[in-house]
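Kindly produce the complete structure, drawing on both the sequences and the hints.
Note that the sequence shown covers residues 8 to 571 in our numbering.
Be a bit skeptical, because a hint or two may be false.
What the hints assert, rightly or not - Within a straight-line C-alpha distance of at most 20 Å, the following computed SDA-like cross-link-like pairs (lysine to any residue) qualify:
| # | residue 1 | residue 2 |
| --- | --- | --- |
| 1 | Lys162 | Leu114 |
| 2 | Lys490 | Ala149 |
| 3 | Lys352 | Lys271 |
| 4 | Lys271 | Asn52 |
| 5 | Lys147 | Tyr177 |
| 6 | Lys257 | Tyr562 |
| 7 | Lys518 | Gly384 |
| 8 | Lys424 | Leu412 |
| 9 | Lys160 | Asp178 |
| 10 | Lys430 | Asn336 |
| 11 | Lys423 | Thr435 |
| 12 | Lys400 | Asp531 |
| 13 | Lys257 | Asp232 |
| 14 | Lys271 | Tyr562 |
No lab work stands behind these hints, which were simulated from the structure alone.
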Amino acid sequence: MKKSKFSLLLVLSLVLSMFLSACYGGGEQGASDGNSSEGDSKESNAKQELNVIETNGIPSVDSSVAQDTIGFTTLNNVMEGLYRLDKNQEPIPGMAEGEPEVSEDGLTYTITLRDAKWSNGDPVTANDFVFAWQRAIDPKTASPYGPYMMDGKIKGAAEISKAGAEKKEYDLNTLGVKAIDDKTLEIKLEVPIPYFKSLLAFPTFYPLNQKFVEEQGDNYAKNADSLIYNGPFVLSDWSGTTASKWTYAKNEDYWNTEEVSLDKIQFNVLKESQAQANAYETGETHITSKLSSDIVPQYEGDPNVVKWLEPTIFWLKMNQQNEALKNENIRRAIAMSINKEDYAKSILNNGSLPANYAVPQEFVEGPDGKDFREGNGDLLTHNAEEAKELWAKGLEELGTDSVKLVYLGDDTENAKKTAEYIKNQLETNLEGLSLQVDSVPFAVRLDRENSQDYDLQLAGWGPDYLDPMTFSDLWLTGGGNNKMDYSNEQYDKLVKDAQTTLAQKPEERWKALQEAERILLEEDAALVPLYQRAANILVNEKVEGFTYHLVGPEYSYMWIEMKE
Numbered sequence: 008m009k010k011s012k013f014s015l016l017l018v019l020s021l022v023l024s025m026f027l028s029a030c031y032g033g034g035e036q037g038a039s040d041g042n043s044s045e046g047d048s049k050e051s052n053a054k055q056e057l058n059v060i061e062t063n064g065i066p067s068v069d070s071s072v073a074q075d076t077i078g079f080t081t082l083n084n085v086m087e088g089l090y091r092l093d094k095n096q097e098p099i100p101g102m103a104e105g106e107p108e109v110s111e112d113g114l115t116y117t118i119t120l121r122d123a124k125w126s127n128g129d130p131v132t133a134n135d136f137v138f139a140w141q142r143a144i145d146p147k148t149a150s151p152y153g154p155y156m157m158d159g160k161i162k163g164a165a166e167i168s169k170a171g172a173e174k175k176e177y178d179l180n181t182l183g184v185k186a187i188d189d190k191t192l193e194i195k196l197e198v199p200i201p202y203f204k205s206l207l208a209f210p211t212f213y214p215l216n217q218k219f220v221e222e223q224g225d226n227y228a229k230n231a232d233s234l235i236y237n238g239p240f241v242l243s244d245w246s247g248t249t250a251s252k253w254t255y256a257k258n259e260d261y262w263n264t265e266e267v268s269l270d271k272i273q274f275n276v277l278k279e280s281q282a283q284a285n286a287y288e289t290g291e292t293h294i295t296s297k298l299s300s301d302i303v304p305q306y307e308g309d310p311n312v313v314k315w316l317e318p319t320i321f322w323l324k325m326n327q328q329n330e331a332l333k334n335e336n337i338r339r340a341i342a343m344s345i346n347k348e349d350y351a352k353s354i355l356n357n358g359s360l361p362a363n364y365a366v367p368q369e370f371v372e373g374p375d376g377k378d379f380r381e382g383n384g385d386l387l388t389h390n391a392e393e394a395k396e397l398w399a400k401g402l403e404e405l406g407t408d409s410v411k412l413v414y415l416g417d418d419t420e421n422a423k424k425t426a427e428y429i430k431n432q433l434e435t436n437l438e439g440l441s442l443q444v445d446s447v448p449f450a451v452r453l454d455r456e457n458s459q460d461y462d463l464q465l466a467g468w469g470p471d472y473l474d475p476m477t478f479s480d481l482w483l484t485g486g487g488n489n490k491m492d493y494s495n496e497q498y499d500k501l502v503k504d505a506q507t508t509l510a511q512k513p514e515e516r517w518k519a520l521q522e523a524e525r526i527l528l529e530e531d532a533a534l535v536p537l538y539q540r541a542a543n544i545l546v547n548e549k550v551e552g553f554t555y556h557l558v559g560p561e562y563s564y565m566w567i568e569m570k571e
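This is the structure we're talking about:
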């Protein structure tokens with residue numbers, strides 16, 4: 008697979024154009040070898056049924072509240088927004104009939120909708136987008152992504168979020184999205200956004216049928232029967248968040264159904280990688296989830312292994328609601344005590360890279376043509392001896408000789424191995440530290456993160472769009488994805504300036520984002536970057552057109568065709 012690199016200078020230069028071209032990178036492939044071309048025949052005598060393994064169930068299929076990879080990937084396959092990512096990572100028209108009409112100042116987008124309908128027969132209208140976006144930004148919804156994706160971008164969004172936080176009245180109609188008529192949507196931005204069309208491919212911006220959602224009430228999106236769909240597939244069998252299996256069926260009402268070959272996709276949850284490999288070897292599954300380190304060597308050189316370096320960072324979040332973690336020396340000691348090089352080699356052993364940064368390498372290039380990492384380098388590195396000194400100093404400042412912390416992680420095989428390694432590293436290097444490990448199902452971890460019921464948490468973040476901002480604005484004070492009480496006025500100012508006053512000053516904007524990352528890690532030691540993930544999955548040779556994405560939802564299944 009080609010590695011993804013994009014020029015931010017090129018992207019930013021498009022702001023004043025009459026329309027914005029794709030931010031997802033021209034020609035960068037996200038499909039496995041053998042991927043069918045646009046002109047390939049869809050005729051095959053093979054049974055068009057695919058079996059896929061996941062490591063966790065689906066936490067949510069409500070586009071207003073979904074916040075995880077599995078939920079977003081499900082939405083990407085059963086719903087559709089104005090645009091969707093194609094096999095080359097380009098945003099292409101979905102519910103939109105074509106390219107947006109963009110005003111000269113880059114602040115107004117007018118989009119015409121194509122003729123399309125929901126799976127219940129209702130037409131997809133511009134009001135479906137207005138309702139969905141207003142629902143996502145409504146403080147009553149408590150969407151983790153609505154404010155994150157809209158504040159400072161969609162006109163009026165930040166004011167609505169602020170009013171909600173201050174328990175003041177707000178008017179959802181002040182959000183900058185309006186249905187001119189059933190087929191015409193108008194969007195008003197706060198500032199020109201060079202990657203805005205790519206944002207519109209993200210699930211938070213998908214439409215919702217207002218009548219259906221309101222009829223379902225609190226039951227909406229709780230199972231397959233409480234959803235309607237406008238994407239390539241429908242969830243024909245899903246009993247809810249605890250389900251260990253679910254099924255996609257081809258959506259015959261989808262506007263582009265002729266492009267969809269698969270009739271059925273069966274998903275099953277298997278948490279152990281060896282069990283996944285066994286299912287693959289026996290033909291029970293066609294596609295595995297990402298393989299663990301002990302399985303990857305078994306398939307070295309296998310042509311059916313699809314491998315790529317993801318722009319995804321995993322880190323330890325340190326919740327500063329905990330008194331000990333409010334102390335900078337304690338946080339820095341924790342960060343410096345973990346041997347990331349050894350962890351990447353001995354535990355992951357899958358091509359993942361040790362990370363001393365919060366914005367991944369080989370992700371985007373700046374106006375100088377250099378990778379973000381080339382300019383900022385390593386910011387928080389392993390040094391066990393210095394960690395011990397900092398730890399002792401922190402304990403003295405706290406007036407104690409011991410600290411007990413709760414570590415929160417997933418209950419998958421890989422996550423448990425990581426928890427064991429980190430517990431050993433921290434308790435060995437930091438005298439007086441006791442670490443309690445809580446390994447819980449994915450959905451439970453998300454709930455505990457949202458309520459900040461943890462001290463240390465293993466979490467990861469993949470980019471939602473191709474710009475460093477998708478990582479930088481995570482840590483704004485009070486941000487919907489912060490969830491660790493980190494706050495720094497200088498950090499906030501740099502990031503907000505990059506969103507607004509520096510939006511059309513690429514060199515200054517780039518420097519601001521790099522300085523913000525330096526403050527986050529080098530000055531504040533706010534979190535512990537661990538690794539940048541490499542993905543290794545097994546894809547059966549009968550599967551043609553398997554497509555992964557570098558940003559947003561991970562996979563698209565609509566272009567897959569089963570071969571004999």
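*Index of numbered hints that the structure contradicts, given in increasing order*: Checked against the structure, the only hint that fails is number 3, while the rest are satisfied.
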